[in-house]
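*Asks:* Read off the chains here:
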Amino acid sequence: MTTTRAPAPAPAAAVDVRRHIRRMRVAAVGRVDPSSVYCVLLAIVMAAALFGQPLGVIVWPADAAGPSVPALVGAGLVLLAFLGVLRRLGPVVVTRADATWLLPAPVPRRTLLTPALLLTALSATVVGGLVGLAVAGRVAERPATSTVVVAGVAGGAAVGLLLALLAVHAQTRPRNGRVVDLAAGTVAAALVAVAVGEQLTGGYAPPRDVLPSASTMLVVVAAVAFPLALAAVAGVWWRLNSWPTHRIAEASASTGSYADALYAVEPSFLAAQSSRRYWRNRTGIRTSRLLRDRRVPPLTAQDLLQVRRNPGRLPWLVGTALAPAVVADGPVWLLIGVVLVGALAAASVTAEATHTDASNPAALRLLGLTFRQVYAQRLVVPTGVAALWGALALGTVQATGLLSGPWWALGLAAGPAAAVAALYRAKISASSVGNIFIDTPLGAFPSGLLLWLVNGLDVVAVLALPMVIALVTARAPEQLSWSSVLVQAALSVAGCLVLLLRRSSARTVGV
Amino acid sequence: MPDGKISATRDRESSGTVAGGYAVEVTDLTVTYGSTTVIDGLDLQVPTGAVVALTGENGVGKSTLLRCVTGLQQPSGGAITVFGEPPESSPEFWRQVATTVESPTWYHGLTLREHLDLVRVANGGDPADGCIDEVSGLLGITDLGDSLPITLSSGQRQRFLLAATFVRPSRLLVLDEPEQRLDTAAKRALAAHLRDYLADGGTLLMASHDEQFWHDVGADEVCLRRAEG
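The listed protein sequences correspond, in order, to chains A and B.
If you read the first sequence in my numbering, its first letter stands for residue 13, the second for the next number, and so on.
If you read the second sequence in my numbering, its first letter stands for residue 15, the second for the next number, and so on.
With the rest of the complex left out, here is chain B:
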């Protein structure tokens, strides 16, 4: 990638004010790796309650953008706000934002169900209120409750990561290719769950390569692409 410039296009005009404000606002974002510019002057607004799918070929900076939005990567230039505040490693930020951008190293000695209980309890939820059972059933991992994470296949691990992300309360979901490694039925169930999340007032920003999937979720497409030259 000799030049590496990209530009962002949006299907929806974002000029003017939005009723609920913006969940994510990215202004003039630039990210460089060494001498390579991956994102150059990107602007993006995601209104609260909206769903946006970042699309584009491999290497255009979708995951990088998501990492910057979640504060996991420091951009080279520009500004980002999430619910009006810069992303930071405070508990307040992480109580609002749930992400699958990074894959946790699971605790070896805990079963899947215990991990989900742990996530729910640590976030102040009730692990016996049926939410975990519902999400586990949706993602088809109910039977794996007694398994240790180290014994899972890559597809099962993806479902487990999504389940752990969904059982904790959040206002913004940042998902990196959530449909990855899922079979068709699981993708449909996942899309339905994300629609429910949005109907409850949540906001979703995701990267995706599966057009059918993000159409099912009802997402607006933001196509990232390298600028010519």
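Extracted from the complex, chain A is given alone in its bound form:
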């Protein structure tokens, strides 16, 4: 071990650092193998051959139907989802090894982070360009001129780049990041609301000139948007040296966890990581008197506090509640799927505590509560949230005129069924649910992920069977009968009782 009296006088030259890192990597993993290059190229060609055709139809359909609200809403949601992915990933990150060894070393920060920034800008340009092309493909009259195509791609790329810059800005300023996340959620919910509104009003075809003309867009993009975006990217690149280390380290750790989750096929890593990140950055919490006042059972009070302290989920819940109305005139299986998955997701709003207790019941031993007490208290809030979600979702479909009768009450009655399913789902992790490996031509694949994906859905599908049957058989003008609502309510209550009245649940501490 050596010590220095003072810091090294100057950081290592970037070129030397790069050369050293390259040499180390070659020593560790060897040079790029030509067979690897061949495999990657072959995979790309095969993917293009397999998915090129259907993807091409989505991006550039044979006939342009003109601008439609669902298409524009879809484009907006894809771009917002991309922003969400960038926010989750960082987006400016380094590998976990680089974060450990090079980030705290006297290495120019710009050298380390330039590849990540370029990758972010490039992926934003590609995603934005594809979305722009898809919008142009629906708007441009056939045969489309090259000006229209280039304008669509360039316009979309400029928007994508703008969103990437927003994500980069939010990464360095967490407070602004929370505003960005909330705004994105609100805009997404508003977009879905617009799509639902369009359904409720019986359809609306925006005028063909809802988007600027291709030549105008090209001029604006070429003269204003791209130079500005490039200048902003260059500005960010120039300031990379002053980026705070902890922001990069945190984002790199998150991305490392995503890689772990992919590698270990354990998606609950992601939820845990995301939750830790949220609560670590959550400020301004003051101790509530809800628990101290003892007016509600303690674990129910805990769930209420949890929901109140994570208000960012509300726009998403409202947005997903409007989704069934958007797909209501499509195939019935799609409507059923959206309703069941949405209800399960709404009921999972407090699932984090149950998942925590299932993976480590030490806190429950400290509380001295039995299974039955825990379940009884933890069912209350998800039941309420899922019931409200179901009432809003099916009530909105009812308002579109595609369903008739007391559908809002059916949604309300299915709430406890979704809550029971959410509790089952929260207790399970992908690694615990199945260790059987499925052999595929690409190697063995653990079944846990597949089982985890449908885990809980099976429970809600059984307990909400009256609702599913009603969705299949009682389409307007057929009227939904109140007896279906009563049967659904009875089945939901039975699901709760099965959970609560198991013999072991009264005698054992835990979940």
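If you're looking for bench data, these hints aren't it; they were derived computationally from the structure.
Please note that a few of the clues may not be correct.
[Claimed, not checked] Facing chain A, from chain B, some residues (calculated, C-beta under 7 Å):
# : residue
1 : S103
2 : E116
3 : V133
4 : P141
5 : L158
6 : D160
Remember, predicted model here, so these are calculated numbers, not experimental data.
Every residue, glycine too, gets a C-beta built ideally from N, C-alpha and C.
Starting from the known structure of chain A, arrange chain B on it as the hints suggest.
*Replies:* Same frame as chain A, but now just chain B:
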């Protein structure tokens, strides 16, 4: 650890009957991990109202013994009773026994004070009776009441775990190195609190590496050590 045999010695003879009975009785306990025997034929009695400190070098099985006593680990052989019953995961058992052998995963969305309120309310106590304030003051975490557990340092987390353990009623405390990561003043305050707990009729079984600390608590030492050969 090729052989891994340990033997237990006690400073106090435990032959004969004890007035209040035994809080913990361990008979011929054996614990093996694979081919390694960590505890081999251990006998231990902790009378009700007594305080026992398990000492010994790292790896002799102190934490393993505490895990077995709290029912968190199934021994390979032997018998354990806590207040005359085998340790189990029933609410009756956990209403009598409080432990820091395992570290809970705290709930992300609750503050420290809310966690303590939750523990106290769930165990049927009154969170406004001053007990939480007293324990928080003793362990120096009063100012952290509005903090989330994820933001705590390791030392603060240790104090918080002790506070959560102390604010719930119990007859037996099973503590694994409670003095760990505490500064000198906090250790003194903790020792005083444990003496009060014992004076109120509680029983304490703990593992410790700090001789001054367990002397301050007034504990009898039970030194676990690997047998020669």
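*Asks:* Hint by hint, note whether the structure agrees.
*Replies:* Verification of the hints:
| no. | hint | result |
| --- | --- | --- |
| 1 | S103 | holds (5 Å) |
| 2 | E116 | holds (4 Å) |
| 3 | V133 | holds (6 Å) |
| 4 | P141 | holds (5 Å) |
| 5 | L158 | violated (11 Å) |
| 6 | D160 | holds (5 Å) |
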